[in-house]
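Chains as they are written, first to last, in my numbering: chain A, 1 to 608; chain B, 1 to 371.
Worth flagging that the hints you see were computed from the coordinates, not collected in a lab. Backbone N, C-alpha and C define an ideal beta-carbon position, used for all residues, glycine too. Treat each hint with caution, since some may be false.
[Unchecked claim] Restricting the straight-line Cα-Cα distance to at most 27 Å, the calculated cross-link-like pairs of lysine-lysine (DSSO-like) are:
{"id": "1", "chain 1": "A", "residue 1": "333", "chain 2": "A", "residue 2": "287"}
{"id": "2", "chain 1": "A", "residue 1": "197", "chain 2": "A", "residue 2": "274"}
{"id": "3", "chain 1": "A", "residue 1": "358", "chain 2": "A", "residue 2": "274"}
{"id": "4", "chain 1": "B", "residue 1": "63", "chain 2": "A", "residue 2": "197"}
{"id": "5", "chain 1": "A", "residue 1": "280", "chain 2": "B", "residue 2": "63"}
{"id": "6", "chain 1": "A", "residue 1": "200", "chain 2": "B", "residue 2": "63"}
{"id": "7", "chain 1": "A", "residue 1": "234", "chain 2": "B", "residue 2": "63"}
{"id": "8", "chain 1": "A", "residue 1": "237", "chain 2": "B", "residue 2": "63"}
{"id": "9", "chain 1": "B", "residue 1": "63", "chain 2": "A", "residue 2": "214"}
{"id": "10", "chain 1": "A", "residue 1": "274", "chain 2": "A", "residue 2": "234"}
{"id": "11", "chain 1": "A", "residue 1": "274", "chain 2": "A", "residue 2": "342"}
{"id": "12", "chain 1": "B", "residue 1": "211", "chain 2": "B", "residue 2": "237"}
{"id": "13", "chain 1": "B", "residue 1": "97", "chain 2": "B", "residue 2": "231"}
{"id": "14", "chain 1": "A", "residue 1": "158", "chain 2": "A", "residue 2": "197"}
{"id": "15", "chain 1": "A", "residue 1": "493", "chain 2": "A", "residue 2": "456"}
{"id": "16", "chain 1": "A", "residue 1": "237", "chain 2": "A", "residue 2": "326"}
{"id": "17", "chain 1": "A", "residue 1": "373", "chain 2": "A", "residue 2": "128"}
{"id": "18", "chain 1": "B", "residue 1": "231", "chain 2": "B", "residue 2": "192"}
[Said to hold, decoys possible] Across the chosen pairs, the derived CB separations fall in these ranges:
{"id": "19", "chain 1": "B", "residue 1": "282", "chain 2": "A", "residue 2": "352", "range": "50 to 60 Å"}
{"id": "20", "chain 1": "B", "residue 1": "198", "chain 2": "A", "residue 2": "284", "range": "49 to 59 Å"}
{"id": "21", "chain 1": "B", "residue 1": "35", "chain 2": "A", "residue 2": "194", "range": "42 to 52 Å"}
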Amino acid sequence: MEVLRRAILQAGPPENFALQTVQEVIKPQKQTKLAQDENQLLENMLRTLLQELASSAVQSGEPIMQYGQSIDDGETSHAQIPRLLDIVLHLCENEHVEGGMIFQLLEDLTEMSTMKNCKDIFGYIESKQDILGKQELFARGKLVMLRTCNQLLRRLSKANDVVFCGRILMFLAHFFPLSERSAVNIKGVFNTSNETKYEKDPPDGIPVDFNFYKTFWSLQEYFCNPAVTLVPTKWQKFASSLTVVLNTFDSQPLSEEEGDTNDLEEEAATFNIKYLTSTKLMGLELKDSSFRRHVLVQCLILFDYLKGPGKNDKDLPSESMKEEIKSCEERVKKLLEMTPPKGGDFLCSIEHILDREKNWVWWKRDGCPPFEKQPMERKAVGDGPKKRRPRWRLGNKELSQLWKWADQNPNALTDAQRVRTPAISEYWKPLAEDMDPSAGIEAEYHHKNNRVYCWKGLRVSARQDLDGFSRFTDHGIEGVVPLELLPPHVRSKYQAKANDRSKRAKKEDSKGAPSQAEENQIATSANEIDGEGIRADLEASAAPMDTDATTGTSNNSQGGTPTPDEQQKQSSDTDIGQEAGQLDADAEADAGMMDGETDAEVDLDVVG
Amino acid sequence: MCGDATKWDEDAYRGSILKEREILTRTVFRTVWAPLNPTPDTIVVASSDGSIASYSISSCISKLQPLGLSNSKAQHFLGAEPDGFLQGHDGPAYDVKFYCDNDDALLLSCGDDGRIRGWRWNEFKESKVPIHLQGDHVKPVLDLVNPQHKGPWGALSPIPENNAIAIDPQGGSIFSAAGDSSAYCWDVESSKIKMVFKGHSDYLHCVVVRKSASQIVTGSEDGTARIWDCKSGKCIKVIDPVRDKKLKGFISCVSCVALDASESWLACGSGQSLSVWNLPASECVSNISSHAPIQDVIFDDNQILSVGAEPLLNRSDINGVILSQIQCAPQSVFSVSRHPSGVVSVGGYGGLVDVISQFGSHLCTFCCQGI
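Isolated chain B (complex conformation) (with noise of 0.2 Å):
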């Protein structure tokens, strides 16, 4: 055996050490809780190999308990394998929402290869196929591709992937934060895309539903955030965050918003500051600058919860003050999500998802395995 070269797979090796090396940069890009449940149990994580799998907190914390309170010290996290697995898109799964809070739910996930897909939450909770055989085992009930642009004699773009994507359940629509500097809105019943906004000049990051007035606020690379009407399709306003940056010639892109309840607040991060609008006034009430690019940005009540490339969590108040800098696991945090009890879960890069209580205790921290 040693030594022996006559049965060497060459693409097998290289095979293996792809898969090595793509586990170890695993990123979870999206976390989010499983809706219809009082407890904080089931979350859901879209990463960067594209799956959408769902994981249960009350396991992995039985699963934590033998190794005790060693287990934080170490830099050695648990390995949790998903309860339910979907293999979603070719390429990162950027995002993940819930469509609806009832039984009919469906979870809702876009990618890199530029489709939106939706699944039945019931029947993927509830199937019953092991665990490694699924990831094509639920069949997707919607499916939606970004259209591709037609060039000179007819050549056609690359499909523009999607970044985020944005729910409105009321008018049965799905906005999506597209590359190809447009944001799309899809009707859920038709499949068709009702309406284009386009205006911004560089590629979207992210995208949030203003229901009470029917907008959309759109965050761009081009370092602008726009509110756009879903009605006429027309850019109200164009937020610009760094204006006074712009000057010195230096553009960070805008690469979060978050509304607040009330939907009169926006919080938008670009770069490495996050400023505070109050949308009726149209004013900058406050910016907030921390040490690492904001990666995401979520509304606690009155509190914004910040991450960025930093392993930190951030709480501070509409004012810009910090209240509170927890540490978490990923040493580069994408995605931040607060579920309805107070529990905050992150993701980020290794692949790792930190749950952190309303204590501000880490109640677990686990890594995503793939299947």
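The shape of chain A in the complex, shown without the other chains (with noise of 0.2 Å):
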């Protein structure tokens, strides 16, 4: 004990000789760290010690955080109590000792301190506040915090001991972590202690309303004990309650000039925590516009207890009240934008305040998750503390992705896997199968009923189809599917105009198998101008070409197999003067689908 009195007198800071000391006076088994039995032992040393130092205070005089104090010589010496905490947080910050022994001492000390010394304690406290908030000590010693601060929060006056409450408060605040739940009302309990009382029988004397007066005050009840409310009949009471009050209010507006007169801030100053209920006030309270506020306020309240979650599906409003709930809700918050001042300011706030008690509400009924995230995992790319986001140059990163995209890709256009612009005859065979009404395609699924599907195929047939895609006039989508690909009795009907064309075809068809090669060169180069679109096209149709010459078959016989003449379409892309027909064709195309879909649907009329 005298080596631990010692050491509080002891100069210079506590990390010098705090261990030492410790050492001498426990002699633990480990260096740095107690046992259990150590601690305990001493936790009682420094205990007595406390209370001795405490006693002597008080009987010395002196405030008790600065007993000891001397001024003598220039510099002042450290109170010996203040010493003796800061020594043993420094242990229990350091874990030579245990960690909940600090809030041990804190805790005797309050209880031993008058409320003035407390003060100063707390000031300490507070001074401490990160230390004592770091986790290990934290954790060790939470409980004891709160409850010494609930223990001088209970021994305070509410009334006169404002800032001191506050400051413990805001201290709890600081100290805990936001997602505590010892101060939770988890359950939603009302605090139906909270009566207000009010006159029972009519006053004599005095005219006053005396039934209008009952039903205000006894909407208190029910304010008091919202749960109370959902009881259909309890409900019934209260609405009829309700509207009258509320019809009262409504034909008795507040002028700006009655709202004036109360001005905010002396209202602050002479703050009550609840009204008076005399019969002789009514008459007053109800021309007070921040009377009048409350009362609102404590409607819109209830109303959002009864139409928020977090109970149970039978507790549950009914339709039909939900139905009154809105509609009193509605009216209750028109009062409210009507009273003066800033009645719209007013409802604004409060409608915002309740939002975010709504979000309590659910975070309560989640199970009070904590709000702390962990802080990310740092990368340990060596990019350095200072790595700033990417500046997109092109807005973001999609756009500048897609800028690049070619020069990381030098080999795109090349590459033999790349996809390519398919050949008419490949891209059409779905519609064309559709259109054989024996395929008997709904509607719904029909090919020409895919806008997409009718706007690629336009895009494709105007480049490689100048031909087929004119027909898009006459027939609509169904007329640009190239003739061969349909079966011989639906050709018949778009053929008509392809006459002339088909006869063409076949004029070249005669000389086309052996110039089989010519051909194919002319359609090379007509490759080469279009870039990559049409070589699946080439591809496509060389293949089945080898066994057109082979089997000698005429191009009409068989559906799918491409022709010559498309070939021949091909090289004719070249020209010029039909690319700005094209441009024309193009924008006739993108015109006509607008109303291609009703064509279509005639179409199919006809067709079936």
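Could you fit the two chains together into a complex? Lean on the hints.
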């Protein structure tokens, strides 16, 4: 004990001698960390010491936290008790002793001290908040700390020690994590002891609408315990009472002047926890805008509770009740807006606050998950701390990637596996199959009704098969499908116009087979100009061409085989004049797309 | 019994039908709070059946209690039985006032029969006669009849009705607004006409006394209000609230006038507009338009309470800003009166009287039943 006493008086920072002192006193088994019973021993000694110091401080008449402070020789020596606390705190912080010790001492100290001294002690606690709040210490002592603070709050007068109360509450708010459950009213139990008493018998002599008075104050019973309101009969009663009150509020709107007379700041100074319920005050209270606001806000809170989550299904209000709640709520909000001063702003703030309140309800319902987000694991990339968010040259990542894509993939255009524009014969195959009435495709799945498919097809046709594309004007989308793809009986329908074309095709066909190689060449030249698109076409047509040549069948005997006619078409693409025409056709195609659907339907009718 | 027509009494049947109709269309033309009572408890009602009846508000409320709040929802009103009942007039009783505030107070009423009658209030109040026997149990101490006009060959006009009365206790006078386009000043002591105020071109609706200047203000069907000097009987000023409208050939009568406590402000209801005049400056300060014709108006300190042919009690300030509108029971309201404690009563069509507390809540609503 004497050693400890001496240690307190020792100058210099505690880390210099604290551990030695402990070792000296306890003679622990381990050098730096005390065992269980050793901790207990030390704690007992410290508590006794603290008690002695406190009692001698009281006897000397000095404030506890300044006892033993001397200002003799220029430098002020520390007061003894804070010194002791500093040392213990240091030991606890470095885990030489059990972490809860400091909290225990603080609790002892506040319990020993008068309120006046407690203020100083609390000042000390506040100054060490950072250390006390460290994870290791906090975990050991949070309950003791909470108990200490609550005890202090209990000893304080709510009315007179407002500032100290506030300090304690602020400290608690900082000390405990936001999601600390210990103070949360998890079940949402209402404080039903907060009863509003009012006169039950009409007063003599003073004229007053006692019925209204009773109706008005009886509302408080519901506000006090909102759960009651869920009982349908009670709700009926509440709703009718509320209607009476709202009617009265409604019929007597407060003027701006009446609102202005209530200076809000002045009101804050003379704040009352509860309104008085005397019948004599009723008239004045009804003219008081802040009184009215209180009542209306109470209504909103109640409605929020009724609508809110977190209740059993059987407790949820019925549909008709919901309707009533909604209409009442709208009325209340309107009244709040009408109530000066600045009713609109007030309503906005209240709505905002209630919204936030809803979040809390949800949070509680979800079992109070912690708010603290663990910091993300910093990536071990050596970018250093000043890594900035990359700036994209073209606005965002996707656009920039698109821009850089060509540079990064130089062989994209020569890759054999690349995606190519399909040949029209391939492309239109599905539609051609659908067009066969015998296939019996439903309109819903018919390709002609797939607008994206049609649009793509028109684009492809406009490039590869201008002749077919031109048939769009006469036959709609189905006319664009190469005739060869169609079954014979369907084909006739679209053939009339295409007669001359097929004639020419035939003519060419007659000499087509022998000059196959030649035509291929032409096609190739076209492809080169057209870019990658037509290559596929060429390849697609190349293989059947061989069979064509070998079997020697005519072009119109089988659907699905491309014709030289097509290839000729490709070559004509190179023509600049046609190119210009194609532009027009493109435009037309776009326009045509608009009514393409209706056209198609008509066609379907005809076919069907 | 069924189908037995031998004892059919057609007259009785006719009588019962008419009576029923009368009850349905009964109208309260005036309500007034009894004097000498700090609490708004006793109210005297003049209705279209010529009766003057007093009601106790507290007993009405106590009868309301078991019914609770549901009463106001359903359009069913308490039928109240009067405390005291006088069959004051043949035909409707249009106005009722108290003369003096002391123990000698007289209850004065006027009506369609052209009479002004007065009863001792104390005698009436303390009468022990059972209610169903009341009616003429108290003898009037005052009975004044309007003079008839002589026509050619001595033909007598009908007795002109009295539409309103005003009291000047200091001068011992009663002013009546009569149906022959003139106002009369009666001397209470001698029961004689002291002064006749002639000048209006149509019958009078209302009259108020401006004691401080010994003047009266009358409102008439001819669309004007006039200020008269009581000493000379001359018209001092003609107030024409709707002069602009008159150009269009549309005249609305001045149905009600009211003076404030300082007697320097005059509210004048004519048609659907209520104009407020400053008498010292002789200037119209504001004009309030309402949706329905205004039928009665009073001052409540510096605010104006007005009622009309709609179930609303309007409260506005002198500048014409409407401060509040309170729904009240009668579909058409003919009378509004205020107790010094701030309780306001309105009476009107259907024999309904609605008493509205100083909070703006309905203290009680009752329907006057005859005896």
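To see whether the hints hold, each was checked on the structure:
1. A:333 to A:287: Roughly 18 Å separates the two Cα atoms, so the pair holds.
2. A:197 to A:274: Judged against 27 Å, a Cα distance of about 11 Å means the pair holds.
3. A:358 to A:274: holds, 25 Å
4. B:63 to A:197: holds, 26 Å
5. A:280 to B:63: Since the Cα atoms of residue 280 (chain A) and residue 63 (chain B) sit roughly 24 Å apart, the hinted pair holds (cutoff 27 Å).
6. A:200 to B:63: holds, 18 Å
7. A:234 to B:63: Holds - the C-alpha atoms of residue 63 (chain B) and residue 234 (chain A) are around 24 Å apart, at most 27 Å.
8. A:237 to B:63: With Cα atoms ~20 Å apart, residue 237 (chain A) and residue 63 (chain B) stay inside 27 Å; holds.
9. B:63 to A:214: holds, 16 Å
10. A:274 to A:234: Between residue 274 (chain A) and residue 234 (chain A) the Cα gap is close to 24 Å, so the pair holds against 27 Å.
11. A:274 to A:342: At roughly 23 Å apart (the allowed maximum being 27 Å), residue 342 (chain A) and residue 274 (chain A) satisfy the hint.
12. B:211 to B:237: holds, 17 Å
13. B:97 to B:231: It holds: about 23 Å lies between the C-alpha atoms, which stays within 27 Å.
14. A:158 to A:197: holds, 21 Å
15. A:493 to A:456: It holds: about 24 Å lies between the C-alpha atoms, which stays within 27 Å.
16. A:237 to A:326: holds, 17 Å
17. A:373 to A:128: holds, 25 Å
18. B:231 to B:192: Holds: residue 231 (chain B) and residue 192 (chain B) sit about 16 Å apart, inside 27 Å.
19. B:282 to A:352: 50 to 60 Å: Roughly 54 Å apart at Cβ, these two residues keep to the hinted range, so it holds.
20. B:198 to A:284: 49 to 59 Å: holds, 50 Å
21. B:35 to A:194: 42 to 52 Å: Check passed, 46 Å falls within 42 to 52 Å.
Against the hints set out earlier in the document, no violation occurs for any number.
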